[in-house]
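> Each chain is listed here by its residues.
Protein chains: 4
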Amino acid sequence: MGVLHEECGVFGICSPERAQLADLTYYALSALQHRGQESAGIALNDDGIITTIRDVGLVSEVFTTDRLKSLGEGNIAVGHVRYSTTGSDSRRNAQPLRINHYKGQLALAHNGNLTNAHILRHELESMGSIFHSTTDTEVIAYIIVQERLRARSIEDAVARAMDRLEGAYSLVLSSPSKLIAARDPHGFRPLCMGAMPNGATVFASESCALDAIGAEFIRDLLPGEIITVGNHGMDVDRSHCGQFPQTLCAFEYIYFARPDSVIDGCSVHTARQRAGRILARVHPAAADVVIGVPDSGLDAAIGYAAESGLPYGIGFVKNKYIGRTFIAPDGRLDKVKIKLSAVESEVKGKSVVLIDDSIVRGTTCARIVNLLRQAGAKEVHMRVSAPPFLNPCYYGTDIDSRENLIACKYSFTEITQLINADSLGYLPLESLPELTGSNEFCSACFDGNYPTEIPTDTRKDRFEQQLSKKKAEDKTTAG
Amino acid sequence: MGVLHEECGVFGICSPERAQLADLTYYALSALQHRGQESAGIALNDDGIITTIRDVGLVSEVFTTDRLKSLGEGNIAVGHVRYSTTGSDSRRNAQPLRINHYKGQLALAHNGNLTNAHILRHELESMGSIFHSTTDTEVIAYIIVQERLRARSIEDAVARAMDRLEGAYSLVLSSPSKLIAARDPHGFRPLCMGAMPNGATVFASESCALDAIGAEFIRDLLPGEIITVGNHGMDVDRSHCGQFPQTLCAFEYIYFARPDSVIDGCSVHTARQRAGRILARVHPAAADVVIGVPDSGLDAAIGYAAESGLPYGIGFVKNKYIGRTFIAPDGRLDKVKIKLSAVESEVKGKSVVLIDDSIVRGTTCARIVNLLRQAGAKEVHMRVSAPPFLNPCYYGTDIDSRENLIACKYSFTEITQLINADSLGYLPLESLPELTGSNEFCSACFDGNYPTEIPTDTRKDRFEQQLSKKKAEDKTTAG
Amino acid sequence: MGVLHEECGVFGICSPERAQLADLTYYALSALQHRGQESAGIALNDDGIITTIRDVGLVSEVFTTDRLKSLGEGNIAVGHVRYSTTGSDSRRNAQPLRINHYKGQLALAHNGNLTNAHILRHELESMGSIFHSTTDTEVIAYIIVQERLRARSIEDAVARAMDRLEGAYSLVLSSPSKLIAARDPHGFRPLCMGAMPNGATVFASESCALDAIGAEFIRDLLPGEIITVGNHGMDVDRSHCGQFPQTLCAFEYIYFARPDSVIDGCSVHTARQRAGRILARVHPAAADVVIGVPDSGLDAAIGYAAESGLPYGIGFVKNKYIGRTFIAPDGRLDKVKIKLSAVESEVKGKSVVLIDDSIVRGTTCARIVNLLRQAGAKEVHMRVSAPPFLNPCYYGTDIDSRENLIACKYSFTEITQLINADSLGYLPLESLPELTGSNEFCSACFDGNYPTEIPTDTRKDRFEQQLSKKKAEDKTTAG
Amino acid sequence: MGVLHEECGVFGICSPERAQLADLTYYALSALQHRGQESAGIALNDDGIITTIRDVGLVSEVFTTDRLKSLGEGNIAVGHVRYSTTGSDSRRNAQPLRINHYKGQLALAHNGNLTNAHILRHELESMGSIFHSTTDTEVIAYIIVQERLRARSIEDAVARAMDRLEGAYSLVLSSPSKLIAARDPHGFRPLCMGAMPNGATVFASESCALDAIGAEFIRDLLPGEIITVGNHGMDVDRSHCGQFPQTLCAFEYIYFARPDSVIDGCSVHTARQRAGRILARVHPAAADVVIGVPDSGLDAAIGYAAESGLPYGIGFVKNKYIGRTFIAPDGRLDKVKIKLSAVESEVKGKSVVLIDDSIVRGTTCARIVNLLRQAGAKEVHMRVSAPPFLNPCYYGTDIDSRENLIACKYSFTEITQLINADSLGYLPLESLPELTGSNEFCSACFDGNYPTEIPTDTRKDRFEQQLSKKKAEDKTTAG
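As you go down the protein sequences, you meet chains A, B, C and D in turn.
First residue of the first sequence? That's 663 in our numbering, and the numbers climb one at a time after it.
First residue of the second sequence? That's 663 in our numbering, and the numbers climb one at a time after it.
First residue of the third sequence? That's 663 in our numbering, and the numbers climb one at a time after it.
First residue of the fourth sequence? That's 663 in our numbering, and the numbers climb one at a time after it.
Just to be clear, a hint being listed does not mean it is correct.
Not everything, but these chain C residues come out facing chain B in the computed CB check (under 8 Å) [said to hold, decoys possible]:
(1) 761
(2) 762
(3) 796
(4) 815
(5) 893
(6) 894
(7) 896
(8) 1085
A short list of chain D residues far from chain A (calculated; beta carbon distances all over 10 Å) [unchecked claim]:
(9) 810
(10) 881
(11) 903
(12) 944
(13) 1036
(14) 1054
(15) 1070
Calculated lysine to aspartate or glutamate pairs in the EDC-like style (CA-CA distance at most 16 Å, straight line) [to be verified]:
(16) 765(C) - 785(B)
(17) 765(B) - 785(C)
(18) 982(A) - 785(B)
(19) 731(B) - 992(A)
(20) 982(D) - 785(C)
(21) 982(C) - 723(D)
(22) 765(A) - 787(D)
Quick caveat, the hints were computed from the structure, so don't treat them as lab data.
Because the structure is a prediction, the values reported are computed rather than measured.
Virtual Cβ for every residue (Gly too), placed ideally from N, Cα, C.
Turn these sequences into a full structure, and let the hints guide you.
Here it is in structure tokens:
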């Protein structure tokens, strides 16, 4: 029931067989759909001629049978799903971005957020560059194309570009004849590689996309690694590896990623179960049943139940037919009630441990607690499988502004009252490493410990301010 | 992961306040969407003038904000969702059916299947009646209107019609000034009544629709009961009650209904958990983890885990973005794999008890077992929370024909091998009463014990045969 | 520039070859599109199984390549276009109407308006009939099906039905194995027959539809004639012929029909040219140029120019891209100016004879005169190729109500001033026979001389009144 | 009945009032729709923030009421319609092009074709520029933005850019606070200026757009002129005027422009009538009637009739409902017959002079002659109101390649036979100046006399060749 906006998802495939690449990308993107529901796109490279279809909507909305077929055949494909925002210009910001330059066409898909995008953009504009979108992706494309002028090869241009890009980025790009994947030196966002039975190489934000299309998982890209595949074989460039300690976004495990994915060696499902187990040890409760908020609280609830010995119950039914076009109820009806329904026979007269992945503003949480009380729950003990949110994210997670974050505004006791819980327990910040057995996390949203320089607001120029004043449709920090 | 087609869902509301009836019906139908995804419709009665919007698609697809608003205001509304089939004429069969007759307009929504529809239809046609659709609903409308000629009131006409209708039907209909709900004397399909805080009366196929809109559950309609509400108050006609022992469709508990619904006094979730507990007692397994097939096997899996003491695990992630418009993969890709993904960290190296609600053809089941094996499961012990399907249903459930049902074609041992399981266990037929503590079930699909006369195929005329030969879009047995 | 709503158009084909019937109907309906732009439909009969597609929109909007193809093949097809109105229920009133009855399926397309529809409807409802739509077509279908019970054949049933139907109707209907065309005994609406090179028989509202598909025009149906074609050959039933003097709607020549059509032996283009010639003789003007309002005034303008010896000029350019979805300008912009533009070089400093087919409310006419004056016309002499409208039509023409008709409200002098013309001349009522060389016209809208009994308003019941109060979407007098 | 693809149309408005700019642009673009039916777009500038909506389709298809409203208000708007081609990428090439650069946002609309686009593009790409589209418009935008780095103002940047641009271009562009219109120094494409009653300044490709919105025509822009309007008032820059003799595209008068437009001082309708008069003098015919092919041959037919004294007749009815989505008939049906129908009563037994604006491949012309013969015409004397096409156009007219042009392949006698005419007469090349009383034409398509250097094919690189091999959706020479 998280209200955080999800990230983007990227995918790429380079195959020795020309057939079925658009189809495979379609199914892989469907498996990555949880990372972004605003727009979807596929770029198909047929011997240097890249055809792109991208539009606002789910993968299954953007691609009808006819449109998918119209992409034709080719040896390389790149796909992208983008998180949900609104506005008439969102079509323009859909990816993959296809550009033409003197060495041919290029298609680029990006997950993450640059921290120096404004500086780079200003530099480029001062030299006469024009921008069609407001995405970081177009900045990255420019930098790569500029470096291409000096570089020996497109992969060398990507490497040179990485010297100038700062922040979070997992990239998949198609040059006329190669597929290139690159992960930023901090490793903020996941990116993995797999192989198809026919020898095709695939890259994806999460391993679940490999499973969906029958690809074997090979390994995660190292932070800073660039892998290039083409007719010539595969090149691995690790010149940018080891610059920084890895700082994978902790929220990939806690909320973003799909439970069946394995990221940087650790199963997401396992990490969430462990979060539940930690909560059971640190914040036990004398209760009758453990219930997770679907879908993001379920894995942790299993862990809490296993560790505590309390029975696990199915306390909610989520209406699975509420999609993008569903009409939100007005004030007279309870929005949460329409999406989520408590199972009275499971909770009536019981003391319930309720597990969710996060509390952002607190309003949704309060309504969920209320659903349980209306269904007859005697007590509700709220357990949250993440530490409290206290800071904005500059690496591609759309965390609410501080003035909306309940943890920034209220004390622990006040929050417990506001959400109407009998008790409240967060995952301790110091337990984060236990989730995966590693401490290579970015946890800046919890502790303010940013692994990079962060943009200062004062740099924003008049034009940007106007744009945001106008509630501009384009988000500059997408990815 | 059931492959049975779901039934229809009906809803009706009669309110002292004119505002918001279309909205409330929209949200109630959304809560009943699991009962039918083919088409949706709302009829709004504004002082005798009934406006209807109905079309192919989910509730959220048929009704945009503008279309919902265009229904206007009124005191009575009737809604319907219909199960999924295909074909260009499905729009014509969408409900509620609105008709004009000499006493005014009538809107009718129906869940179920008449067993004497062909006879009634032939009778009506022989007297010069014309039919626009191939639904039972149009037959019911005709019979009611004909009886209206002789009846004192519309509710009396419904009562007279019930003398002629045979089979399964839960009806909600709006006359110019009244809302009428009626349930067939066998009580095959559920139908319940609720009340809104403002005094509005509502009827719905399942109680989950009442919860969604904040209505209080009052009670289920008795088999044979007719309830009429309007400005005059409420009339209850029980003249058709008690004719037969109740025979509620057992599959409502096992598969159709939403777990948070309570039908004829028993929670669906509880009934499913009990099925799991029975399976654990009757078909125990020396295993490491119990896993349900999402979403229909989850409740029984909880019950099996609780009874057996084995841990409950989340073994699958279901892709929730695969909707009506999703392009089915061709033969080279595994369809089940794209919808369902095994969580390797949960099953690797383990002996797994796998719970699903039914095995129809066996092909899907075999693929799911396979997913677990590919993810490293050591053993897979299949447990099915229903007895084997052996017979067709004439009461509104779209059970596959005998030549496709695996239980009709193969022995128990063969089935176990075909689905590649290490062991197999069905819910014993004699345990059905334990699910709800009552034995008032129709279990004809399991035991061939039909509570009514059933249609004989020889009655089908040339025209019908042609129609079915042409794989006609219209299904005559919808509802 | 007429503002009268157009009629419906009907088409039917019965072919010895199964292929291409849907295509031929599509092209024929496109040629009849001027008779109705609200909705379009095709019914394709494949050996008794009739598939129908019909929807709101132009023929080219309703039928995509896929939808047209999905009709499949067959030996008989029936098509319909319907005039433009608005409302969510117009889809329901789209034709052909397909019904099921005990002898099989029937598809019916109708152009015209019954004068006893309410009486028949009331009769049918009193006997228990239900109506889905508010069209006369459904009444006709019922009457035919009822008569079928007593008749030897479907064509006999049609003949019997004609004894009960009063008013205007040109029908094309498909029974399981025959195609039947029938024209009412007054011959209000046109209907003709043609033959394809492969021996197929076609029926159409106008001969232009025959030309479009390469069919040879055979002859018009006689008033009252019924023609039946099928495997058995062709049957002609003239038992209803000669009951009344023919009274073809005069407005078919003046406005409705396409100029290239020939109706009941007379070219529409010729009739309009003759109207222009008559105007030139009866209402001469000392002018420099003769200009027709596109497109309906052009033929008469040619005639006026030829008779008067004045040069014919192209005085207006009509914007041909303004279709159904064009957004009407608000009050600040001139609606007529956006659709029609005066050609300054043709009219500047000149005295202009302006020809249009009718003046209904006068507002559009005034604006057109104004366009000429703004473009520099010195004088504008308005000539109208029809007599003034004074009475409502009960035979299928949607003439504005008397309170809106300028000729009912103002004197000739006042009208001349209101439209800002220097002089005004109508076609004399007594000249109507000169248009075609026959006096077999219905000219009731001009002279109030109705050829049949007309419906009295007092018969309208409460239900109807409510409906019209609600500006009900369904028009009861369509067809 | 011309089969030449039409050009683009541009529009711009700068208003002292914020309201209604989107509406006015919508209606102006509708009046320019004949110049391009592929795509349409509007950019609305609200104090520097430019919102753009552009898509494939007619103006009335791209802009629904909601979408038009969503543009909001502002002081400057730019609009564009684009000619028709096909392909999934045409959406990307729709205009106005909106770009972001360091001085703010810019919206650009362009009609014409650069002859040095490839050279400029190559230059830009070599310096690291990236291109999203394949249009000349993006090249122009780049050049302007680059010059902006060195220029005092945006209008100065446009002037500097004009030193580098070669070929045909009529531009309208919005900077954050100004509206700028510019016409290439040869004046290949039209561009005029008007004023609204409220003081707003408007620019449009043709004067008919001014008429539609009630603007007064002020004057045509001079070749090479740049006009800038904004809060500061109006600036006129004529530094590029007088470089070359004016060479307006002759085909604007003969075919492209709307007859009610006045271009560079001459009425299009008058020019076409004069062409007809010249034909009557040079190629007289002993005939009974003069008939124009709708719509492009009608004006010339009037001229021919007037000069020759022969009567003008309406010989064809054009089906006005055949739009973008109409399904083209397959080989068995005559495509021309479905669009165009001969009026038999006008041509039967007569000797006909048939006037059209051009003969390109000859196939359509042959079919039209055939229609007349089938309708009974005794003789058909073809007269063409243009000289024969012999050369490709590099300035924005999509003339067929030489291998398709009938005049390049056959002798005059052969053409006469191929189109099945009794005689044939073209407009003499030397008569062109008589059309407008000026000889400032580009007539390269007739005489090969190109006013500028033309691109040599050898410059095309591998990438381009591949693109065209793949029948790439994007046309590089659009505008």
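> Which earlier hints turn out false for this structure, listed by number in ascending order?
Checked against the structure, the hints that fail are numbers 4, 5, 6, 7, 8, 9, 18 and 20, while the rest are satisfied.
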